[in-house]
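Asker: In order, the protein sequences belong to chains A and B. Residue numbers are given in the working numbering: position 5 of the first sequence equals residue 5, and the series is strictly consecutive. Residue numbers are given in the working numbering: position 77 of the second sequence equals residue 77, and the series is strictly consecutive.
No lab work stands behind these hints: they were computed from the structure. Misleading hints may appear alongside valid ones.
[Said to hold, decoys possible] Here are the computed lysine-lysine pairs in the DSS-like style, where the Cα-Cα straight-line distance is at most 25 Å: (1) A:K163 / B:K60; (2) B:K60 / B:K30; (3) A:K163 / B:K131; (4) A:K99 / A:K3; (5) A:K33 / A:K175.
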Amino acid sequence: MAKVIVVTSGKGGVGKTTSSAAIGTGLAMSGAKTVIIDFDIGLRNLDLIMGCERRVVYDLINVINGEANLQQALVKDKRISDLFIMPASQTRNKDALTKEGVEKVIHDLKADGFEYIICDSPAGIEQGAMMALYFADEAVVTTNPEVSSVRDSDRITGMLSSKSYRSEQQLTPVKVHLLITRYCPERVEKEEMLSIDDIDDLLGIDLLGVIPESQDVLNASNLGEPVILNQDCDAGKAYQDAVDRLMGIERDLRFVTYEKKGFLSRIFGG
Amino acid sequence: MTLKSLNFTLLVVNVDNEELSILAEELNKKRMMAPDFFSNAPIVVNIESETLNLDFTQLKNVVSEQGFLLVGISGELSEPQKALLNAQNIAVLRSSRRHAGKTEVKTEVKEQQVQAAGVEPAALSGYIKTKIHTGRVRSGQQIYAKECDLVINGDVGAGAEVIADGNIHIYGALRGKALAGAMGDQSALIFCQALSPELVSIAGVYKLSEDLPHEFAGKSSIVSLQDEQIVLTNLSQI
C-alpha cells in the first residue's frame with residue numbers, strides 16, 4: 001500500500017528539503033520505489049539538493065495543467081535506481097496548485113507503482129503548504145531546537161489534524177512524526193538550546209529522529225548529494241536511523257549526548 | 001409552528017455614563033478578545049440609572065458599529081424613556097435578577113410552559129452538557145464552549161485559545177490563552193495543572209503572563225475574579 005508522507009514544519013529554513021531528500025533517498029535505497037515531490041512552487045530547491053537541476057524539463061504544474069504527462073516530469077535519480085524527483089515550477093506561484101490537480105498526480109503516482117510519495121512542503125501555512133499536507137497519510141514535522149520553530153511545528157501539527165483529507169473524511173488521523181534537526185548536545189548541556197525533553201513537553205509528538213548539527217549537511221547540499229549517502233558522518237547515520245524507524249525498525253537514539261573530550265583524546269585528537 | 005418560551009444567556013453591557021464613546025471602547029475591547037465569536041453577537045444594554053440622558057438612536061448605532069446586535073434595553077428606565085424606546089422599535093427587557101421579588105409568579109409561569117411546550121426536562125433545568133476536548137490544543141486552534149463549561153484533557157499550547165461561557169478545566173499545562181465567563185459570568189473559574197499562560201481572562205477582566213505573580217508559574221492553579229481583579233490560588237491547597 002502506497003504511503004504519502006509530507007515533510008513539513010511551518011517555519012522556513014529548518015531543513016525540510018534536506019530532510020525530504022535524505023528520507024526519500026533512504027527509503028529508495030531499501031528498494032522501495034520512491035518519488036519526492038517539490039511543492040515549493042516558485043522557490044524550488046529540491047532539484048539542487050538532489051543534484052538534478054540540469055535535467056529538469058517539465059514540472060509538477062505542467063502535469064497538473066495537462067501540459068506534460070507524469071513520465072515526462074519525473075526525473076530519475078542517477079545514483080539510486082528506485083528514486084524519482086518531481087520538481088516544482090520556478091516560474092509560477094503557489095496558487096497554481098489545485099486540490100483536484102494534486103489529487104490526480106498522487107493517484108497516478110500510486111497507480112504507477114510508487115510505494116512512498118514524499119511531499120516536500122514549502123514554509124508557511126498558505127496554499128502550497130496546505131496542498132502538500134492535504135493528502136498525507138503520515139507527516140514528518142521538522143523542528144529546530146528553538147522556540148519559534150517549535151511553535152510553528154505545533155501550528156502545522158494542528159493543521160494536520162484539522163485541515164487534511166484524513167481529518168475532513170474522519171479517517172484514521174495523519175500519523176505525525178517529529179524530526180529534530182540541527183541538534184547540538186553541547187549547547188543543550190550549557191542550556192543554550194531546547195533539549196529533546198523540552199521539545200517533547202511542548203509538542204507531544206512521537207520522535208522519529210534527531211539529526212545533529214553538522215557541517216556535512218551544508219557540504220552535501222552544495223554538492224547536490226543527499227547527506228544520507230555519506231554514511232561516514234553523524235548526520236548521515238542519524239538520517240539512516242530515522243528512515244529505519246519510519247519503516248518500523250527499532251533504532252536507539254545516537255548523537256544526542258555531549259561527551260567532554262578527555263585529556264588523551266585532546267592530545268592525540270581522537 | 002409552535003410558540004414557546006425559552007431562556008437564553010445574553011451578553012449584557014452596563015451603562016452608567018452618558019458618554020457613548022466609553023461604551024464603544026468597552027465593546028471594542030470585548031470584541032477584540034475573540035472577533036469570531038463576538039461578531040454579530042446579541043447584546044443587551046442595561047441602563048444603571050434613569051437619570052441618564054441617553055440618545056437611544058445613537059446608542060443603537062454605537063452597538064452595531066462595534067459589530068454587536070442590540071436585542072433590547074433593560075435596567076432603570078423612566079416611563080417617557082420606555083415610550084421613546086417603544087416608538088423606536090427597541091425592546092424594553094426586564095432582567096429577572098432585578099425583580100427577585102416576583103420569583104413566585106415567574107415559577108408559576110414556567111410550570112405552565114412545561115405542560116404547554118413539552119420540552120425535555122434536561123433543557124428545562126438549565127443543564128447543558130460540558131464540552132470536552134480530548135488531546136492537545138495546538139497553536140492557532142481555538143476551542144469555544146458556548147453557554148457551558150469546557151474541559152480540556154491535554155495541554156493548551158502557546159498560541160492556542162480556549163474560551164468558555166462557563167468554567168474552564170485543563171487537565172494539562174496552560175501555555176496559551178484561556179478566557180472563562182466569556183458572556184460576562186464573573187463567578188467563572190479557570191483550573192489548570194500547570195499555569196504558564198499567555199493570558200487569562202474572566203468575564204472580560206484579563207491579565208497577561210508578565211502581570212501574574214511568579215510563584216504560580218508552572219503550578220496547578222485556580223484563576224478567579226474577586227472585586228474585578230484576577231486572583232490566583234493554589235489548586236492543591238484547597
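Asker: If a hint holds in the structure, say so; if it doesn't, say that too.
Answerer: Verification of the hints:
Our distance criterion of 25 Å between C-alpha atoms is broken by A:K163 and B:K60, whose separation comes to about 39 Å. With a C-alpha separation of about 17 Å, the suggested pairing of B:K60 with B:K30 holds against the 25 Å cut-off. Restraint check for A:K163 and B:K131: satisfied, since their Cα atoms lie roughly 22 Å apart, inside the 25 Å limit. A distance of roughly 18 Å separates the Cα atoms of A:K99 and A:K3; the hinted pair therefore holds under the 25 Å criterion.
For the suggested pair A:K33 and A:K175, the alpha carbons sit about 21 Å apart, so the restraint of at most 25 Å is met.
Taken one by one, the earlier hints fail for this structure only at number 1.
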